[in-house]
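Visitor: Line by line, the protein sequences are chains A and B.
Counting from 1 along the first sequence, just add 948 to a position and that's the residue number in this note's numbering.
Counting from 1 along the second sequence, just add 55 to a position and that's the residue number in this note's numbering.
The hints are simulated quantities; they were obtained by calculation from the structure and are not laboratory data.
Treat the hints with care, since some could be wrong.
One side of the interface only, derived from the structure: several residues of chain B facing chain A at Cβ under 7 Å [as the list claims (entries may be wrong)]:
1. Ala125
2. Met133
3. Thr141
4. Ile146
5. Ile168
Chain A regions said to be covered by chain B (calculated; three or more residues, Cβ under 8 Å) [as the list claims (entries may be wrong)]:
6. 991-1002
7. 1229-1238
8. 1264-1278
Ideal Cβ positions, reconstructed from N, Cα and C, are used throughout, including at glycine.
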Amino acid sequence: MAGHATNQIDASSLWGGKVSPFSTSYGKLMMWFFLVSDALTFGGLLIAYGFTRHDAQISWPIGEETFNSLPFLGHGYPLIYVALMTFILIVSSVTMVLAVEAGHRMDRKGVTKWMIATIIGGFFFLGSQAWEWSHFIHGSEYGKVELADGSKATVSGHSFENFTVTKSGHDFKKGTYETEELLHDFHHAILAGKVKDNTFTTHGGAVVKLNSKVDEHFKLIIKEPGSKFSKVGKAIFGAEANKLYYEAINSGTKNRVTYGANLTSNEYGPAQYGQFFFFITGFHGFHVFSGVMINIIIFFGVLRGVYHKRGHYEMVEKTGLYWHFVDLVWVFVFTFFYLV
Amino acid sequence: MERDDVIEYSLDTHHDEAHGKKLRKKIWQVTAILTVITAFEVGTGIVFKQSSEYWQVIKWMFICLTLVKAAYIVLVFMHLGDEKKTLKYIILVPYFIFVLYLIFISLWEGKAIDAALKLYGA
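Bound conformation, chain A alone (with noise of 0.2 Å):
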């Protein structure tokens, strides 16, 4: 042995000695370290959608255009669903914080009912994020339309003012109908590109025409250049928007429409755009259930009062962390999806 150390150390500075780094616990400090691990994932994948912004070719989707309808009330509400959504997922990750300080006073009763308060939130933001995802592919009544000179444009406004079933099928009678009910039927028409004269047939055999209007807020926005309307962002409205939409729809030619979205392609923009909005808010929504899933533990464990005979809701604080870290991801995913 070289020698021995001359001075004894005292026993309380040392790990082994009760003494944790950053006088934090080795399981908030491994929560921490996690946590920025998958700040970083995250973070890569924001970038990386960046990127792809960055050298797209064509025009890139806005997030007000995208995202502008709400449940029950339909569209020309833009941004608003997801705001609500941001306002649910802040609200939850409040009562989470107030869970935790509830923990430092050891009150059991305020631990549970923030702890309930924060499920049902993460619940409220898991099923908004399930009719956004159904909205998104889905899409909308227009779709993006394939002009006939090989632009692509998103429309907005209305046209489709209802249906008349000319002769009957064994699915639709003879009478006037509501765009809704046959819209699905005539949106697989115009993708097999078995519209005539605004005129199709359904699976059950009827015969169905719609009737549309011209309305002067109908309108044709060029999204990819074609060899007339060559430039992007270019604004089609009225007459002429109308007799574009109904010339690429009764063409008889297959998939002049795209309808929603999928991982191949979407009516919203580059396919790319699909591929990490299904991606990067996957990965998030999948967070947010686990995150929703370890706080349903971690009630249990409250309820049970495991935690208030070790003396410390420290478990609660872990969960919490974790919880705050999927609300602080969504700051960012909704700033660089929706907003800019």
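On the provided structure of chain A, position chain B as indicated by the hints.
Guide: This is chain B only, laid out in the frame that chain A set:
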């Protein structure tokens, strides 16, 4: 196995009702700030379109407000502001170094690829 380390340091964080009241007030203040910022962002997003001539300013304002929101969440809700300074910077500094570097390198490269695709065709 006895977890003596955990108990010692968790007990440190206990507080009484009087201190709790102060903390709760702070929590609700931060809630109000986060809500107002979000509402302001949405309002601005609706009023100013991306085609607006002020868009560059607004875009950077959104990014700054996002960072403000993030700071409140991390420092107050996650209590990182109350931890030891060393811990705070061990969490924040490496993250910012990596992420800023990644942002710089990726967006720069993205623009270069964009220019190349425009020049030579996709």
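Visitor: Any hints from earlier that this structure breaks? Give me their numbers in increasing order, please.
Guide: 7
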